[in-house]
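Trainee: When the letters of the sequence shown are read in order and numbered with UniProt numbering, they come out as residues 1 to 466.
Keep in mind the hints are simulated off the structure, nothing from the lab.
C-beta: ideal position from N, C-alpha, C; glycine also.
Treat each hint with caution, since some may be false.
Stated by the list, open to error - Computed cross-link-like contacts, PhoX-like style, restricted to lysine-lysine with a CA-CA straight-line distance of at most 25 Å:
1. K407 / K208
2. K407 / K248
3. K311 / K335
4. K416 / K390
Stated by the list, open to error - Ranges between beta-carbon positions, derived for each pair:
5. N214 / K335: 19 to 25 Å
6. D245 / S265: 32 to 38 Å
7. K407 / E227: 37 to 43 Å
8. V354 / K278: 45 to 51 Å
9. Q309 / I413: 35 to 41 Å
10. D282 / H340: 32 to 38 Å
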Amino acid sequence: MGEPSRLSVTYCTIPPVAMMTAVGAHAPIVAAFRNGPPAALDAAAAAGETVSFSHTTRGRNGSLECKMDGYTYAGTTQGTSAMGSEYYVGVVGSDESMTLYKASHAYEVMQMLDAAKEIDDAMVAKFKAQDHSAPIEYMDTLAGRDRLVATFADQRNKSGLIKARQQVISEDKLESPLVGKVLESALEAKALETASKSELDEQFLTQKPIPPFNMAATEPEDAYPLERILPMVDMQAVDARPLVDEAKSLSQGALPSDWVEQLPSVIAESLTSLSAAKSPSDKRRMAATLTMATVLIELSRARASAVNQRKRVIELVNEKVALDVPSVLVERILKEFLTHTVRPGRGDSAAKPVTHSRRSQRDQHKAMAYVIVLLLHYHGFLLSPVIVHKLRLDLGISIQRLLQHAKTLGCTIIRKGKAGSGTKRKRSADSEVAAISGPAYSISLTVPLEFRDLERQKKRGPGQGN
1 MGEPSRLSVT YCTIPPVAMM TAVGAHAPIV AAFRNGPPAA LDAAAAAGET
51 VSFSHTTRGR NGSLECKMDG YTYAGTTQGT SAMGSEYYVG VVGSDESMTL
101 YKASHAYEVM QMLDAAKEID DAMVAKFKAQ DHSAPIEYMD TLAGRDRLVA
151 TFADQRNKSG LIKARQQVIS EDKLESPLVG KVLESALEAK ALETASKSEL
201 DEQFLTQKPI PPFNMAATEP EDAYPLERIL PMVDMQAVDA RPLVDEAKSL
251 SQGALPSDWV EQLPSVIAES LTSLSAAKSP SDKRRMAATL TMATVLIELS
301 RARASAVNQR KRVIELVNEK VALDVPSVLV ERILKEFLTH TVRPGRGDSA
351 AKPVTHSRRS QRDQHKAMAY VIVLLLHYHG FLLSPVIVHK LRLDLGISIQ
401 RLLQHAKTLG CTIIRKGKAG SGTKRKRSAD SEVAAISGPA YSISLTVPLE
451 FRDLERQKKR GPGQGN
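Using the sequences and the hints, build the whole thing.
Mentor: Laid out in structure tokens, this is it:
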């Protein structure tokens, strides 16, 4: 068989995986499993669902490795963007053939087929000869291949259509009819998609790790509706009294309580504003906003090992958050800010899928975006340089990284200038800037929302990067 390829060496160690959802990848990823579909896939197919796994990649314009949930996948990349694409990977049959299905553009299908061909050219030729010995089956196979290519091809990929015929995808090579059912359903669904330009824009925006938004909003408070970030049931569960009483005490000149010093500095800095709330409902809303922001700050800045399990996140909230966080809010945060992966069970529990939870980089960015929006709601949609500075320190990121997160939300960045520069009158008029070394920035949210990264995406065109 000649020099063993990367795939032929590694596929035996690849665990059962049938579908992956790429997040910010530059691939296609080629993966396979030998012993039929896992129990989780069978169960999902029976329920008319698919199993989804997130992954990150490294490498570009060459070989790469994809580490996902502790396992390593192998494949090739040519620098194409694959953000949000769904990858249907093949099944290694008993004769060690590889069948590949792909729910994405034709050029990515070509790359996957090239990677499969890399296993052994002689084996591919053998399969072709077998198909030629059965003309009817071979024609059916070609028809299926044509349908696959027609589904994903566009005008830029005509050259790939001829190349696509060099390898044959035959569903009868699949070891389980349920796998075929899942893949076929996905192909049919993809074929029915006729996304318009506006739909593609919406798809791009929904992939952004930001809170739910309203592009048609005419008021800042409606741009990122607070009730969609912090539902009323969660808000009412928060005990506002400790924060309200502390804010009142601080406004009267008292020293902060010991537990306040355990809060993130931006939350402690924001606490005095709570005393200005007029009605009990406003006080509860503002207290709940600070409570959720506190939990998300702790979740964002925690080490990965401290948030790679559900129980560890709960322990983090109990140990690090100096507030009484209601269980309903903790459950919402666990659901929305962790990545949950379903894997087949082991041993006596092999038939029962097991859910594993961890914080991905996307989850971390999403939590930071939510914190910014929560603080914007709290501070009247303008974050002062002091709030911005303290938030940066709490999150443990550079000011440029924080500003980039704000721009992703459609915020406006206002530079205040360097501390100590200008006249004495200017310095005394802006004491907040004088307290910060280096450039100071404020962040505001105005309407209508404008996402400049969407405009850049339009200029680059599809397939030109994330």
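Trainee: Now tell me, hint by hint, if it's right for this structure.
Mentor: Evaluated hints:
{"no.": "1", "hint": "K407 / K208", "in the structure": "holds, 12 Å"}
{"no.": "2", "hint": "K407 / K248", "in the structure": "violated, 34 Å"}
{"no.": "3", "hint": "K311 / K335", "in the structure": "holds, 13 Å"}
{"no.": "4", "hint": "K416 / K390", "in the structure": "holds, 16 Å"}
{"no.": "5", "hint": "N214 / K335: 19 to 25 Å", "in the structure": "holds, 22 Å"}
{"no.": "6", "hint": "D245 / S265: 32 to 38 Å", "in the structure": "violated, 20 Å"}
{"no.": "7", "hint": "K407 / E227: 37 to 43 Å", "in the structure": "violated, 25 Å"}
{"no.": "8", "hint": "V354 / K278: 45 to 51 Å", "in the structure": "holds, 50 Å"}
{"no.": "9", "hint": "Q309 / I413: 35 to 41 Å", "in the structure": "holds, 37 Å"}
{"no.": "10", "hint": "D282 / H340: 32 to 38 Å", "in the structure": "holds, 35 Å"}
In summary, the numbered hints that this structure violates are 2, 6, 7.
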